[in-house]
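These protein sequences, in sequence, are chains W and C.
Position one of the first sequence corresponds to residue 1 (the working numbering), numbered consecutively onward.
Position one of the second sequence corresponds to residue 243 (the working numbering), numbered consecutively onward.
Just so you know, these hints were derived from the structure itself, not from any lab.
Honestly, I wouldn't trust all of these hints.
Stated by the list, open to error - Chain C is nowhere near these chain W residues, computed Cβ spacing over 10 Å in every case:
(1) Tyr43
(2) Ala59
(3) Ile86
(4) Phe91
(5) Gly99
(6) Arg125
(7) Ser126
(8) Asp140
(9) Pro141
(10) Leu159
(11) Arg176
(12) Glu225
(13) Leu230
(14) Glu239
As the list claims (entries may be wrong) - Here are the simulated SDA-like pairs of lysine to any residue, each with C-alpha atoms no more than 20 Å apart in a straight line:
(15) W:Lys50 x W:Ser152
(16) W:Lys42 x C:Arg554
(17) C:Lys438 x C:Val401
(18) W:Lys200 x C:Arg293
(19) W:Lys2 x W:Tyr207
(20) W:Lys42 x C:Glu265
(21) W:Lys50 x C:Glu281
(22) W:Lys42 x C:Gly548
(23) W:Lys50 x C:Gly273
(24) W:Lys2 x W:Ser152
(25) C:Lys605 x C:Val330
(26) W:Lys50 x C:Leu282
Computed from a predicted model, the values in this text were never measured in an experiment.
In this text, a Cβ means the ideal position worked out from N, Cα and C, and glycines have one as well.
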Amino acid sequence: MKIILYFTMGYPDRATLSRFIASIPEDTVQYIELGFPSPDPKYDGPEIRKTHAAASFDAEDLEEIAGVARDSAEKVYALRYVSDFIQEPSFTDTVRNAGFSGIIAPDLLTDYFQERIEIVTGIERSGLEFIPFINPSTPDPVISEVLRTAGSWIYYGLLPSTGIMVPYDVNAITERIHGMNSGRKVVVGFGIRSLEDARKISSTGAYGVAIGTMLIRYLERGDVEAFSSLITRFSEVAEDVQ
Amino acid sequence: MLHSQSAEIIPSRWYNVVPDLPEPLPPPRSGSEEKSSIELLNSIIPAEMLRQEFTFNRYERIPDEIREQYLQVGRPTPLVRAVNLERVLGFSGKIFYKFEGATVTGSHKINTALPQAFYAAQEGVPEIVTETGAGQWGTATSMAGAINGLRTTVFMVKVSYNQKPGRKTVMGLYDGTVIASPSDKTDFGRRVLREKPDHPGSLGIAISEAVEYAISNGYRYMLGSVMNSVLTHQSVIGQETIAQLEMLGETPDALIGCVGGGSNFGGFVFPFIPGNRETEMIASTALEVPKFSKGEYRYDFIDSAGILPMLRMFSLGSDFVPGKIYAGGLRYHGSAPSLSILIRNGRIKTDEVGEEEVITALKLFARTQGVVAAPESGHAIASALRYVRNPDNAGKTVVINVSGHGYLDLGIFGEKK
Ligand SMILES: Cc1ncc(COP(=O)(O)O)c(C=O)c1O
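Just chain W, same shape as in the assembly (with noise of 0.2 Å):
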């Protein structure tokens, strides 16, 4: 199983992230996803929010960011509320000249169904990936059309929004995961906690877990060591599963 790391740009500042970014040990994270900060983190729980409303952020601390990232993993994707780019035809190409791999969106298909078709074609156009974004209130036949149109993986949202904790039941994620069958990656996340709760993913069959919310209290110390030691943690429990 592969680790997957969320982070907003910016928080708590460009050169903290930089440093916590080049930190990661080698070969240990698959993928960053690197969060747009929005004036209104709408599915985003208590946590992240925070980390949204702090960020300061600016075009030069997304390019040394992405730079950093880039050499920290594998690909780099962005994420980023279609409600702060839709007004924004510059936003796919400014994302892939900074070494971007592909878009992840986690309100198009909750706030911008009927307009989906337009704005995935438009980020494949830049060249890009589109990820969906996917949780437990995605209906089937939504999930089926998305699979379709998906980049080389999709997001699995364990949770409604993230920092909210509601009760998931691993084995009915592990039959959907096996139900969708479609040679897609999933990369299972919003929700995880705990090592353990990486392990229970592991069980699923999933490509990858995402963390992003358990990071933050690190982040806000400054606590560069413990925050790798906690990736090689996590990497352990992804290698046992492999």
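Put chain C with the ligand on the given structure of chain W with help from the hints.
Only chain C with the ligand this time, still in chain W's reference frame:
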């Protein structure tokens, strides 16, 4: 054509429409940056309810204990062909009604009150808390609390509390404690009373009080409608109807029900949705609470205090206070998100009927079928009358969900009117 209580008709699982929706169900959202109101749900509703709220499973097994309780409270409810009504109308088709008023508490509300109380009891809390407008939900919750060994506290909208002493008596018989809302039992209630001592109350205020009371005492809060898990529990109505129609060899052309928060309607029609594009589904609301024609489809609070999360739904605004309306259960400003999606996408049609037409319909239904239906259900009946009187619908088969009986709402037929 009354079906005897055949336990096999009670389904063994609940049906959840979410995996069969045409588009994703927008998740609940917190209204405030500071504290997550979704996390709050974690601490006030039973964990099993929360799991069911967010599940993608098409079916959920009904615990044996709950099936037993369903049987005890009068499930399966009858599906009756309204032959006299057909005759009086000179209708060439068939009219059936599913009678949820036949449950011991007199409405469909018991279908979700039982599992919610059962899950709360499993968690070891001593008390469950809720709000009620017209009184049907409070009655169902009190009864469900009683048979699951729990105390029940019900915050009842003050106008109803004053107008419907009979409701209080019934809840009291079930050992429920009924408090008129706004009350001095909560911060929110006290604040409302300070601003307006003679405030008549609203469902939103009562919800807010019940939630606050549950939080501060560590009790479990019961959800009466709107939430997905509640609609899932109500699917016993539609599943039984499917089984009963099958026994009769009938295929419905139209299903008609009334909408407050959407639970009896969703429970009635959703089980018909998989693989079915033909059956018409009509959601009837009060002209006085025109959520589908005048409401906006947007995120809005479940309750007027904004304690509970926001849902994306048709809403008239969580601060909407309807004028005095004869059907308390239809006063609610919003409607279940799943139902809202299906209305927006055209799968489900809507209708609005006003007081006079509803009362006429209730009288006709009483005179022809002997059933004193609840004022809320009167909307379904009135919309069904419109449907069968339309010459285009000659010869069709219609099923009405009569969500409750009206014996405790007789005031609407009184001299004042
Ligand atoms: C008899 C009856 N029917 C209908 C309703 C409306 O609620 P819902 O739309 O959730 O079924 C109520 C609510 O109190 C009711 O008591």
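Tested hints:
no., hint, result
1, Tyr43, "violated (6 Å)"
2, Ala59, "holds (26 Å)"
3, Ile86, "holds (17 Å)"
4, Phe91, "holds (23 Å)"
5, Gly99, "holds (31 Å)"
6, Arg125, "holds (24 Å)"
7, Ser126, "holds (25 Å)"
8, Asp140, "violated (5 Å)"
9, Pro141, "violated (7 Å)"
10, Leu159, "violated (7 Å)"
11, Arg176, "violated (7 Å)"
12, Glu225, "holds (30 Å)"
13, Leu230, "holds (24 Å)"
14, Glu239, "holds (30 Å)"
15, W:Lys50 x W:Ser152, "violated (30 Å)"
16, W:Lys42 x C:Arg554, "holds (12 Å)"
17, C:Lys438 x C:Val401, "holds (14 Å)"
18, W:Lys200 x C:Arg293, "holds (18 Å)"
19, W:Lys2 x W:Tyr207, "holds (6 Å)"
20, W:Lys42 x C:Glu265, "holds (18 Å)"
21, W:Lys50 x C:Glu281, "holds (16 Å)"
22, W:Lys42 x C:Gly548, "holds (16 Å)"
23, W:Lys50 x C:Gly273, "holds (14 Å)"
24, W:Lys2 x W:Ser152, "holds (14 Å)"
25, C:Lys605 x C:Val330, "holds (13 Å)"
26, W:Lys50 x C:Leu282, "holds (18 Å)"
In summary, the structure is inconsistent with hints 1, 8, 9, 10, 11 and 15 from the numbered list given earlier, while agreeing with the others.
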